[in-house]
Amino acid sequence: MPAPDMAALANHAYQAPTTALEERLAQLWAEVLEVGRIGRHDSFFELGGHSLSAIRLVSLLQKAGLSLSLAELFQHPSIAALAGLLDQRPTPSVEAQEVVTVRAGGSEPPLFLIHDFTGLDAYFPVLGQHLQGDFPIYGLPGVGLGQQQLRTMECLAARLVERIRQVQPRGPYRLAGWSFGGVLAYEVATQLLGMDEPVAFLGLIDSYVPRLTDQGKARWQGPDLLERQLLSHCIAHWKAQSGAGAAALARLTSLSGQATLPDFETLLKLCRDEELLYEELAQASDQQLHHYLDREVAHGHALAHYQLEPLGLPIHLFCAEQRPMAPTGTSPTLGWGEVLPKGQLRCVSVPGDHMTMMQAPHVDTLGQSISTALHAVPDTPPSTPAYQSLLAIQSGRDGHAPLFCVPGAGDSVTSFIGLAEALGPDWPIYGLQPRGLDGRSAPHSRVEAAAQSHVQAIEAMYPHGPLHLVGHSFGGWAAHAMAVKLQARGREVVSLTLIDSEAPGGDGLRSKPYTATAVLERLIEALQLSAGRSLEIDPQVFADSEGDTQLHLLQQAMVRVGLLPPRLAAQALQGIARTFASAIRTVYRPEPGGYSGRASLVLVDDPQLDALDNQLEQASSATGWQHLMPQLTLWQGPGNHFSVLKAPDVYSLAAWWYDGLAIGVGETQ
1 MPAPDMAALA NHAYQAPTTA LEERLAQLWA EVLEVGRIGR HDSFFELGGH
51 SLSAIRLVSL LQKAGLSLSL AELFQHPSIA ALAGLLDQRP TPSVEAQEVV
101 TVRAGGSEPP LFLIHDFTGL DAYFPVLGQH LQGDFPIYGL PGVGLGQQQL
151 RTMECLAARL VERIRQVQPR GPYRLAGWSF GGVLAYEVAT QLLGMDEPVA
201 FLGLIDSYVP RLTDQGKARW QGPDLLERQL LSHCIAHWKA QSGAGAAALA
251 RLTSLSGQAT LPDFETLLKL CRDEELLYEE LAQASDQQLH HYLDREVAHG
301 HALAHYQLEP LGLPIHLFCA EQRPMAPTGT SPTLGWGEVL PKGQLRCVSV
351 PGDHMTMMQA PHVDTLGQSI STALHAVPDT PPSTPAYQSL LAIQSGRDGH
401 APLFCVPGAG DSVTSFIGLA EALGPDWPIY GLQPRGLDGR SAPHSRVEAA
451 AQSHVQAIEA MYPHGPLHLV GHSFGGWAAH AMAVKLQARG REVVSLTLID
501 SEAPGGDGLR SKPYTATAVL ERLIEALQLS AGRSLEIDPQ VFADSEGDTQ
551 LHLLQQAMVR VGLLPPRLAA QALQGIARTF ASAIRTVYRP EPGGYSGRAS
601 LVLVDDPQLD ALDNQLEQAS SATGWQHLMP QLTLWQGPGN HFSVLKAPDV
651 YSLAAWWYDG LAIGVGETQ
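Going by the UniProt record's numbering, the sequence shown opens with residue 1, and the numbers climb by one from there.
Please keep in mind that the hints were generated in silico from the structure rather than gathered at the bench.
Only a predicted model underlies this, so the values are computations on that prediction, with no experimental measurement involved.
Incorrect hints may have been included.
[Stated by the list, open to error] Once the Cα atoms are required to be at most 20 Å apart in a straight line, the calculated DMTMM-like pairs of lysine to aspartate or glutamate come out as:
no.	residue 1	residue 2
1	K512	E502
2	K269	E280
3	K239	E275
4	K512	E617
5	K217	E546
6	K269	D294
7	K63	E280
8	K342	E309
9	K269	E279
10	K217	D544
11	K646	E421
Can you build the whole structure from these sequences, using the hints too?
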């Protein structure tokens with residue numbers, strides 16, 4: 001625990017507590033901070049309070065019958081303010097806030113601070129009071145007590161994006177995060193850019209690239225994760241005590257060496273009984289410790305399975321000058337200079353080490369450095385060249401309403417060439433290429449953003465007249481969203497055709513929890529079905545490999561079976577994998593009745609399912625889509641998910657589609 005800030009004590013005129021509640025609060029503060037006298041207007045954080053001492057104080061308050069959340073302590077950091085809050089509270093409440101207001105008001109866009117590995121919000125007020133400027137500051141803590149933990153960076157970021165947009169619906173956005181929070185801020189920025197929202201500032205505060213600190217995927221999977229995380233905390237503490245912790249360290253080392261550990265409750269009781277917990281952990285309840293450690297394990301799993309992707313965005317990295325615990329081989333840029341394009345990274349050195357940079361006196365310099373960087377960056381970032389998604393497959397002839405086709409996850413508009421040939425040369429047919437497939441730009445992270453981009457491209461090229469929309473697989477979601485938008489603008493959508501597209505919806509998550517490995521495993525399955533042959537990749541070897549090795553194995557296999565040309569394989573695969581990942585992680589929840597025109601769903605069998613499972617899968621998809629569009633009609637198509645767009649099956653598809661225009665879609669079921 002850092003020494004109390006004596007300057008802070010001297011600079012405030014002492015005012016004694018005036019009520020019994022204020023006196024009780026002052027006693028608890030003095031116990032935690034080891035300060036003899038606490039005034040009613042003294043700030044807990046200016047007196048030396050930090051994350052662990054804040055946890056201890058909240059625990060002591062709760063034991064004293066004063067229900068308080070950690071976030072509320074940050075918002076009411078003085079005795080007087082805290083007593084006022086507790087006096088006004090009619091019933092006990094310890095619900096954690098999803099967004100912590102560190103500083104309210106201001107004429108500039110707000111700065112959002114993102115939680116560190118612990119998920120706690122203790123550093124927000126400490127840093128916030130040293131940030132200069134006329135802008136509000138909000139802190140985004142981790143998943144709260146009793147809520148389901150999220151175990152991928154993409155899911156964690158999607159949750160924060162939702163919180164951010166509740167406060168600030170549109171960009172430009174300004175983001176910063178300390179340690180793990182910097183990596184999470186990077187993914188938040190990725191998703192905001194994928195929504196076509198500008199990001200004006202991204203600050204990483206002593207954040208290392210994941211591969212340097214994630215401890216490997218194996219560390220965060222298997223049995224006894226909570227138990228081992230508890231022992232890890234205790235071992236690290238007693239190691240730092242030198243000889244004073246020798247006995248406790250020996251006992252903990254013996255426990256951690258056991259092949260099978262006791263369950264969490266038993267182990268925690270043992271650690272309490274034998275006084276192996278350090279003070280801050282000992283003060284927390286069993287429930288709090290379980291949640292705290294489970295959240296850390298979730299964050300560890302998320303970090304170890306995260307694949308960094310390039311961003312076309314300047315990044316500020318604030319590096320601690322002292323690095324006594326830096327991993328071997330760490331570069332001056334903490335690994336970022338090796339993974340980001342040249343010229344994108346701006347490094348700023350600040351005094352202290354990873355922890356003391358957030359403590360007085362170094363936190364003042366850190367705050368000044370961040371403030372300077374914020375003021376130097378324009379509120380509105382420079383515009384990037386618009387992505388050209390619209391590609392002509394065939395120009396056709398006048399007199400035919402054009403078809404606009406959206407391919408599936410990770411696929412190209414070339415997948416519709418077979419349909420164009422089957423329909424004949426008279427039909428104008430265009431494809432809408434997913435952004436990011438080129439391997440250079442960030443893919444859209446939300447269906448609605450992709451649809452808006454596609455609609456703008458259509459209206460720029462074909463501003464008036466009727467049109468048809470076709471979506472294959474994931475492209476069906478984008479096509480549906482486009483139909484809603486176009487119809488709302490008064491455009492005539494003659495037909496909407498969804499080809500083997502599962503119904504939108506979701507299980508309440510903001511993002512589907514696919515790790516980078518799970519994404520590539522799904523991609524391998526899709527590629528093998530499309531190619532009609534195995535890629536001959538050993539599943540276990542693939543799962544155990546790191547991200548770069550996995551991409552290399554997949555690249556070799558795709559070249560071997562002719563799915564990629566050798567010369568352009570690396571960049572092509574990067575684009576395929578990234579757009580595929582963004583698509584299958586996406587959750588789309590449209591409102592019923594958004595589109596009222598003609599709509600049809602093509603159903604095909606999955607060769608990996610038996611007849612009954614195919615019926616169940618197709619019935620689920622049909623029911624889901626008909627909930628959104630009661631007018632939807634169904635057609636059982638030939639082939640499978642990919643062959644339906646290839647000869648000979650695509651000729652049956654084209655004939656059905658054409659006949660539907662002539663005799664009415666309702667008669668083609």
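Comparing the hints with the structure gives:
| no. | hint | verdict |
| --- | --- | --- |
| 1 | K512 with E502 | holds (14 Å) |
| 2 | K269 with E280 | holds (16 Å) |
| 3 | K239 with E275 | holds (15 Å) |
| 4 | K512 with E617 | holds (19 Å) |
| 5 | K217 with E546 | holds (8 Å) |
| 6 | K269 with D294 | holds (17 Å) |
| 7 | K63 with E280 | holds (14 Å) |
| 8 | K342 with E309 | holds (14 Å) |
| 9 | K269 with E279 | holds (15 Å) |
| 10 | K217 with D544 | holds (8 Å) |
| 11 | K646 with E421 | holds (10 Å) |
Comparing the model with each earlier hint shows no violations; every hint is respected.
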